[in-house]
Amino acid sequence: MAQLPSGRHVAIQATPLFALIDAACAPEAISTRLLQIESPADLAPYIEVIYFRESANPALLPVAPGGHPVPSGLQPFASGYTLATIHEAAARWSLADRRAFAGYLDSERVQSHLSALLDRVGEVKRRLAREGDFVQRMQALMWEARCHPVQNDDRGDPMYPLLRIDHDEIPPEGA
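Just so you know, we're using this note's numbering here: the sequence shown kicks off at 926 and counts up by one.
In case anyone wonders, no lab produced these hints; they're calculated from the structure. Hints may contain errors.
Unchecked claim - What follows is a set of in silico ranges between Cβ atoms, one per label pair, in the way DEER data are often shown:
{"hint": "1", "residue 1": "Pro-1086", "residue 2": "Arg-1052", "range": "23 to 31 Å"}
{"hint": "2", "residue 1": "Gly-1005", "residue 2": "Glu-979", "range": "17 to 25 Å"}
{"hint": "3", "residue 1": "Asp-1078", "residue 2": "Cys-950", "range": "39 to 47 Å"}
{"hint": "4", "residue 1": "Met-1063", "residue 2": "Gly-932", "range": "46 to 54 Å"}
{"hint": "5", "residue 1": "Gly-998", "residue 2": "Phe-943", "range": "25 to 33 Å"}
Predicted model, so just to flag it, every value in this text is computed and none were measured. Just so you know, even glycine gets a beta-carbon here, dropped at the ideal spot from N, CA and C.
From just these sequences and the hints, can you work out the full model?
Structure representation (structure tokens):
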């Protein structure tokens, strides 16, 4: 967690990433979104930015290893932004707040956390390739071989509709 010059407190949490990992580990899951995470920048859509507000009865919250405890009287709440979209809100922040937030994200603590998350994604992908069911192994092997239909945007591949990320992207047959 960081306190910006304006007094605003911000933090990040990886709850969406953990949900993505859990979903990818379900039997016969389509794991395209997880497979696409190959660098720290790829984590951005799955890392939420959390804001804090004053509260008379704040809940006692667990603190991630290496994290800072929530200051007394503050309660976290979802900002509605991820690291991929926070620029929309930050555009309305002061220059000092934007710089402080960038410094927080570039800090060794946050970078170590993101690196550990990326390592976790890599472990899960390797485990799915070795121990997953047929569908999970097939997807992982296709991704590793760089012949995954979504990876190559091969919309003509009969597997593409099954493996694409956004099922609304492709019109139904005959449409």
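Inset, instruction - Hints the structure violates: just list their numbers, smallest first. - result: As far as the earlier hints go, only 3 is violated by this structure.
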